[in-house]
Amino acid sequence: MSIYDIIFYLFAAITLISAFFVVTIRNIVYSAFFLLFTFFGVAGIYVILGADFVAMVQLIIYVGGIVILMLFGVMLTNKITSVAIKTGTSQIVPAAIGVGMFAGILTATLVNSHWRKVDTAPLLPTTQSLGLMLISEYGIIFELLGIILLIALIGAASLARK
Amino acid sequence: MIHVGLTHFLFISSILFSLGIFGIVTRRNAVMVLMGIELMLNAANINFIAFARYGNFGLQGQIMALFVIVVAAAEAAIALAIVLNIYKIFSTVNVDEIDTLKD
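So the sequence lines, in the order shown, correspond to chains B and H. The first sequence begins at 31 in the working numbering and counts up by one. The second sequence begins at 203 in the working numbering and counts up by one.
By construction, these hints were calculated from the structure, which means they are not laboratory data. Keep in mind that the hints are not guaranteed to be accurate.
Using 35 Å as the maximum straight-line C-alpha spacing, the simulated DSBU-like pairs for lysine-lysine come out as follows [what the hints assert, rightly or not]:
1. 192(B) / 304(H)
2. 290(H) / 192(B)
3. 304(H) / 290(H)
Let the hints inform the model, and build the full structure from the sequences given.
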């Protein structure tokens, strides 16, 4: 068992255990913090897969941005001092059965399929090639994403301030 | 123990996706539903990047993962603004109590 495998299992355990706590723990603030650990573990998995730039983007946007946004959402919509911050759950047993069956089918399908794999290339830095692709063949989509972010910014601000 | 390969990453992403669905269907708070959606988007991203590494696609999977991250950020901002408005109008963010459209 190489060091690569050990690091993979470490990050996989971080991701899955904290994701489990995100969806099961009662206190919503704790859920938000476990969500942070989940995103951190996913960033580690990206690094293991050789996607260094995407991992840094994941850390900056998800861990630095979206989790903070979620925490603000929690703080603005719940009275922190009351007990109502422990959110209710509904229909756990049928949901657990259904999702368990779905997870079993999905996992069995994905794992038992014969994917056409190529030999893995050596891990190289990807930032330069990603940047070149973003401004050449994916240039239009890149610009459209900029417009989407601008629209989301204006829309969120105008929705939230009335 | 077998060597870490493509199926390990697919297993992780399918379990993460299922946990996201579980969070969406069981939690009553709208912010928790958003967290479930983020978990599902992350699972899809793991699949994209795993196939970018083990499939014959070059870096296109990583580009798609970047696009998904951008759209997820926009979606989180808009959704939280909507949740804030719902809280102002209904004084609650429990998704099973906001059923005005049903009447």
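Hint check results:
1. At most 35 Å may separate the alpha-carbon atoms for a hinted pair to count; residue 192(B) and residue 304(H) meet this at roughly 25 Å.
2. Distance check on the hinted pair: residue 290(H) and residue 192(B) sit about 10 Å apart at the alpha-carbon level, within 35 Å; holds.
3. Taken as a hint, the residue 304(H) and residue 290(H) pair is honoured in the structure, with Cα atoms around 20 Å apart against an allowance of 35 Å.
Comparing the model with each numbered hint stated earlier shows that all of them hold.
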